[in-house]
Structures are given as C-alpha cells and as structure tokens.
Amino acid sequence: MSNPRTKSPNTNRGQGLRSERSALLNDSLSSLNGNSSYDSIKDSSKNNKDVAEVNEYPRRPESSVSVVSNSPHRQDAATTNTVSTVSVSKVLPALLLGVVLAALDNTIVASTYTKIGAEFGKFSQVSWTATAYMISCTAFQPLFGKFCDIYGRKKTLLAAYCVFGIGCFLCGTSRSLWQLVAARAIAGIGGGGMNSTVSILMSDIVPLKQRGTYQGIINVFFAIGSSLGGPVGGYFADQYTWRIGFLIQVPLIAIAFLCVYFTLNLPHHNHVSFMTRFRKIDLKGLILLIIGVTTMTCAFTLGGNVREWNDPVVISLLIASSISYLSFVYVEAFVAFEPLAPMDVLTERTCLSSYLCNFFHSVANFGWIYGMPLFFQSIKNEGAEKSGIRLIPMIIGSSLGSLLGGAVISLTGNYKKITVGSYFFGSVAALFMLRYGYSNFNWEYAVYPFSGGLGNGIAVTTTLVAIIHASPSAFQASAIATSYLFRSNGCVLGVSISSSIVQTVLGIKLRKSLDFDVDELLHHLRKDISYVHRLPEEIRQTVLDALLGSIHYSFLFVSFMFFCAFVCSMFIKNRNL
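For the sequence shown, our numbering begins at 25 and goes up steadily by one.
Simulated from the structure, these hints should not be mistaken for laboratory data. For clarity, every value in this text was computed on a predicted model and none was experimentally measured. Among the hints, erroneous ones may be present.
Restraint-style ranges between C-beta atoms, simulated for each label pair [claimed, not checked]:
| no. | residue 1 | residue 2 | range |
| --- | --- | --- | --- |
| 1 | Pro117 | Pro560 | 52 to 62 Å |
| 2 | His557 | Leu458 | 19 to 29 Å |
| 3 | Leu307 | Asp539 | 55 to 65 Å |
| 4 | Ile532 | Gly461 | 12 to 22 Å |
Restricting the straight-line Cα-Cα distance to at most 35 Å, the calculated cross-link-like pairs of lysine-lysine (DSBU-like) are [what the hints assert, rightly or not]:
| no. | residue 1 | residue 2 |
| --- | --- | --- |
| 5 | Lys440 | Lys536 |
| 6 | Lys441 | Lys114 |
| 7 | Lys233 | Lys440 |
| 8 | Lys139 | Lys304 |
| 9 | Lys410 | Lys533 |
| 10 | Lys139 | Lys551 |
| 11 | Lys146 | Lys179 |
| 12 | Lys404 | Lys536 |
| 13 | Lys114 | Lys179 |
| 14 | Lys597 | Lys441 |
| 15 | Lys304 | Lys179 |
| 16 | Lys533 | Lys441 |
| 17 | Lys551 | Lys536 |
| 18 | Lys304 | Lys233 |
| 19 | Lys404 | Lys308 |
| 20 | Lys597 | Lys404 |
| 21 | Lys114 | Lys440 |
| 22 | Lys410 | Lys139 |
| 23 | Lys533 | Lys146 |
| 24 | Lys551 | Lys533 |
| 25 | Lys114 | Lys308 |
| 26 | Lys536 | Lys308 |
| 27 | Lys597 | Lys233 |
| 28 | Lys304 | Lys551 |
| 29 | Lys441 | Lys233 |
| 30 | Lys551 | Lys146 |
| 31 | Lys410 | Lys536 |
| 32 | Lys146 | Lys410 |
| 33 | Lys304 | Lys410 |
| 34 | Lys146 | Lys404 |
| 35 | Lys304 | Lys114 |
Glycine is no exception: its CB is placed at the ideal position from the N, C-alpha and C atoms.
Assemble the whole structure, with the sequences as input and the hints as a guide.
Right under this line is the structure:
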C-alpha cells in the first residue's frame, strides 16, 4: 500500500493534528491489509455474490490516503468494489424509496400551511415548520458523513430511517404548533442523513465511471418526490386531515428500513466499542455549525421582510452567524481530531471548486423556485396551484439533466467540460427570463425554466463525480456529506436572499412612484401578494410595474449566481476517469 502524503515539520498545531490523524489512519489501514475479513471481502467480490459487500470502516484499505490529485489516473472503483448488477438492483429500490420520502417531506408542508395555521390558530408562525426542517437537514448532514466512517454505512442509513420515521410520526401526532416545529426538526435530521448516506453508499457499490448515471437516477427520484409533496399534502389536507400526509410516510419508511436491513449485507467491525467510536465525533464543530446555520437562516428570513437590514436583531444574527462559521472552520482545521469537514478535502482544489459550485447553483435554483411562482401569482394573477404547475418544466429539465450528465461521464470519462457548459447555459437562461412581463409568447414560460433546470441537473451530477474522484479515499464519506452541506446552505440562502431582494427593491420603487406612505401597502402585499389586484385602478398598474421590476432583479441575481458557479467550475482540474 502506498504511503500517505507527508508534510514538512511545522510547529503549527493544526498541521500536527492532521499529521497525527493521517499516521493513525495509515496504521489502521496497514493492519487491516492482512486481515482475513478483508481477504474474504475481495473473494466474495470476485465470486460475484448477489449481496453488496463493502468494507465500511476504514474504507478501501488497498487505497492510498494521499490526495487523488497526485494520481490523475485513479484506480476505478470497479477494481476495488466489484459488485454485481443484481446486488445493486436489490438495494437500489429501498434507497430510492428513502430519497423520494425525504424529498416529499421537504415540500409537503407547502400545500398544508393554511390548514395547519387554522388548526393551531398561528398562521403567521407556521412557516417555522419548513424553516426547522431546513435548518436541521443542513446542519446534521456532515455528521452523518462522519457516522458513515465511524459506525459504517448500513448502520448510519438505518439510523437515519429511524430518526426520519420518528419525526414523521411526531409530526402527525403534534398537539401544538411548536411541537410540530420540533418534530419537523427531527424529521429534517433523518431526511438530511438519508440523502447524504445514500450518495456515500452508492459511491461504494458503483464503479466511479458509472457513478454519474446512478446519481442521475437518484436525482430523478428526488425530483419526483419534491413534485409529489405539494399535491399529496394538499389532497390529504382537503379530503381528510393534514396529519395523514405525515403519518402515511411511517409505514413506507419502515418498508425501506426492512429492505435495506435484509438486502445490504456489509462486514461488521465490532472490535471497537460504541463509546470509543462516539468519542471520535466532532461535537464542538457540530454545535458551531448548528448555531451558524440557525442564526444565518433567521437573519435572512427576517432581514428585508419582517425587519429592516439595519435592525439590531438582524445585525446581531449576521454577526453571530459569521463568528460561528469562522469558529467552525478553525475547529475543523486546528482542534478537531476527527473533523466533520476535513481540511484535506476542503483545501483540495477540485473539491473546493465543486463545493462552491454546489453552493452557488443551489442559491440560484431556489431563487428561481421563489421568483417564478411569485411572478405568475402577482403579475399574471394565477392561483397557487397553477403557478406551482409552472415549475414542472424546470423539474423535468433538472431530471433529464441529471441523466444526461451521468451518461456523458460514462461515455467520455470527462466531467469538467460539461460542468462548465451547464453553468453558462443556466446563467443565460436566467437572463432571458427578464423578458417575462414584456413578451406574449407562452412557450417562453416553459423553455427558459426547462433550460435552467437542465443546466442545474447536469451540474449536480457532474460536480459530485468530481468530488468523489478528487477526494482522498479515506475521507470520501465526509467529502460527499460536505457537498450536501454547501448545497443545503445555498438552498436556505436562495429563497431568503431572493425574497429580500424583491421586498427591498419593491419598497424603493413604491416610495419613488407613490406620494403617500407605502408601509401599510407593503404590509398587505407581504401577507397576500394577490392584494395587488384588489387595489384601486389608479395605483394598481404602478404597483404591478414596481413588482415586475423587483422580480426582474431577483432573476438577475439568479443569473449572477449561475455565473459565479461558472467561474468556480473553471478551477476544477480537467481529468478523465
């Protein structure tokens, strides 16, 4: 086995810790090379058993701990993790069911806001049910990546299923709004863990050159789940009760749990006690990350909407978020023995570039998801259901893009060129949306979102393959989980910043155009955007023009975010698989 990369002696504490971690990990990997259980794993792979057997922790003992960038022609996963197609086909349905449920649960609240708010009598606070899910989903994803290394892929995935199922059950049995918010946070922990762990597991059992194809399939099912969330939640809320939408997920996740339990047989490593493994968890980093995500989400939710940006509360939240994130980076670099986000990964050029791409395109994607329904509901006076249908072309484009990105990688073995092109494509598509409100061609309402979704779908798949290819094998689980952290942060900021842009620009334009105090008007518009069509005729068009201009600024922001992703993608190293 090749030796890990060495670093020159340095008194810096962080470098010492990282060297110590690498040395310990190298010792454990070296000792495992002669282990009979490892030999049996190789033999079972060669015999092409119908069970997916993967070395869980430490993973891939025959791989070097050195950064992959030092070895451009990386050994394909097929040579180290040979798994029969039958094995993957047995496990994949259970994994996809979990992905669909996590995506469905993420959007199911959207169509049940009014019912939940009416039952608890707190409509103005019901949005916290979605915010709580997003915060916990974002903050805990890196932890599940570390769990995969410490406790193994199978146990981690089963734990995520359990947490998600418990969260859904508590959602369906909540007796107050804040019980529901807490239950949504629990479900978010499980949902985030399911998403990241499935990607980590698929990277183990699928050859790297085919990884993009399978990720495309996963993304398609995620899109299906996201698109089903609203209709399913709305149907049960209208016909029965909103609680059924959550409770019905419990038996489904139980089925997924049982399927994974019986079909995914991985070798056990029981020579280390539970508490010994638990001490490896970076609790300091986790706490700082939770604080950072929570304060950042609250700041961008309040700023420009409920409070002004110069409000002391908003400023305090932004400062707290910045300090928490900077402290998190410091802990990961210089304090944590087993960091959630290893610096060996974050400092690798392709990984860092891909992470930034993930962040920027997630901001753009969710800014798009916010801006489009707002345009159709306010300017075109369409209902919530019809404006939601307008997002279908983008969902279709994203699904096809994921499959296309995976197919191109499988055929060419190259991921950089198509990644760069997809972001440029998305940026141009968002610019064309500035025609909305001035064009009478209905096809434009479908073509531009489809094009943007296509570019986004391609990039989601190709950047993940780039991260897997470039990350050190020993840290690959953490590398994949970190990519989900960047994506989730982008999702949170995408909606919040786009909303703040619209609200801020709208206020500026109305104060310039109208000769009376517009604060009460803005208050009504923030509560119900359809209020614009109940305004007196003499000011209605002025307000509509101001709304259109503010929405166009949000589209410009989306285009700029895609452009930032385009720039970052240029720094991905151009290697063939």
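Results of checking the hints against the structure:
Judged by the Cβ atoms, the range 52 to 62 Å given for Pro117 and Pro560 holds: they are separated by roughly 57 Å. The hint said 19 to 29 Å for the Cβ distance between His557 and Leu458, and at roughly 23 Å that hint holds. Taken as a hint, the range 55 to 65 Å holds for the pair Leu307 and Asp539, whose Cβ atoms sit roughly 57 Å apart. A beta carbon spacing of about 18 Å between Ile532 and Gly461 agrees with the range 12 to 22 Å that was offered as a hint.
Of the supplied pair hints, the one linking Lys440 and Lys536 is violated, its CA atoms being roughly 46 Å apart against a limit of 35 Å. Restraint check for Lys441 and Lys114: the C-alpha separation of about 34 Å stays at or below 35 Å, so the hint holds. For the given pair, Lys233 sits about 14 Å from Lys440 by alpha-carbon distance, which is consistent with the 35 Å threshold. As the CA atoms of Lys139 and Lys304 are separated by approximately 44 Å, the hinted pair breaks the 35 Å bound.
For the proposed pair Lys410 and Lys533, the alpha carbon gap of about 28 Å is at most 35 Å, so the pair holds. Distance restraint check for Lys139 and Lys551: the Cα-Cα separation of roughly 16 Å lies within the 35 Å cut-off, and the hinted pair is therefore satisfied. Note on Lys146 and Lys179: the hinted pairing is violated, with a Cα-Cα distance of about 39 Å set against a maximum of 35 Å. Simply put, Lys404 and Lys536 have alpha-carbon atoms about 24 Å apart, close enough for the 35 Å limit, and the pair holds.
Proposed proximity of Lys114 and Lys179 is supported: the alpha carbons are some 18 Å apart, at most 35 Å. For the suggested pair Lys597 and Lys441, the alpha carbons sit about 10 Å apart, so the restraint of at most 35 Å is met. Distance hint between Lys304 and Lys179 is fulfilled; the C-alpha atoms sit about 16 Å from each other, no more than 35 Å. A C-alpha spacing of about 41 Å is found between Lys533 and Lys441, which places the hinted pair above 35 Å, so the restraint is violated.
Proximity of Lys551 to Lys536 is assessed by CA-CA distance (about 22 Å); at most 35 Å being required, the pair is judged to hold. For the hint linking Lys304 to Lys233, the alpha-carbon distance of about 32 Å falls within 35 Å, and the restraint holds. For the hint linking Lys404 to Lys308, the alpha-carbon distance of about 49 Å lies beyond 35 Å, and the restraint is violated. Distance hint between Lys597 and Lys404 is unfulfilled; the C-alpha atoms sit about 45 Å from each other, more than 35 Å.
The hinted pair formed by Lys114 and Lys440 meets the criterion: a straight-line CA distance of about 32 Å does not exceed 35 Å. Restraint check: the Cα-Cα separation between Lys410 and Lys139 comes to about 19 Å, which is no more than 35 Å; the hinted pair holds. Of the pairs offered as hints, the one joining Lys533 and Lys146 holds, with about 32 Å between alpha carbons and a cut-off of 35 Å not exceeded. For a cut-off of 35 Å, the pair hint linking Lys551 to Lys533 stands: about 19 Å separates their Cα positions.
Under the criterion of a C-alpha separation no larger than 35 Å, the hint pairing Lys114 with Lys308 is inconsistent with the structure, at around 38 Å. Proposed proximity of Lys536 and Lys308 is contradicted: the alpha carbons are some 49 Å apart, above 35 Å. At most 35 Å may separate the alpha-carbon atoms for a hinted pair to count; Lys597 and Lys233 meet this at roughly 17 Å. With a CA separation close to 47 Å, the supplied pair Lys304 and Lys551 exceeds the 35 Å bound.
Distance restraint check for Lys441 and Lys233: the Cα-Cα separation of roughly 16 Å lies within the 35 Å cut-off, and the hinted pair is therefore satisfied. For the hint pairing Lys551 with Lys146, the CA-to-CA distance comes to about 14 Å; that is within 35 Å, so the pair holds. With a C-alpha separation of about 32 Å, the suggested pairing of Lys410 with Lys536 holds against the 35 Å cut-off. At most 35 Å may separate the alpha-carbon atoms for a hinted pair to count; Lys146 and Lys410 meet this at roughly 26 Å.
Pair hint Lys304 plus Lys410 does not hold up; C-alpha atoms about 50 Å apart against a cutoff of 35 Å. Pair hint Lys146 plus Lys404 holds up; C-alpha atoms about 29 Å apart against a cutoff of 35 Å. Straight-line distance between C-alpha atoms of Lys304 and Lys114 comes to about 32 Å, which keeps the hinted pair within the 35 Å bound.
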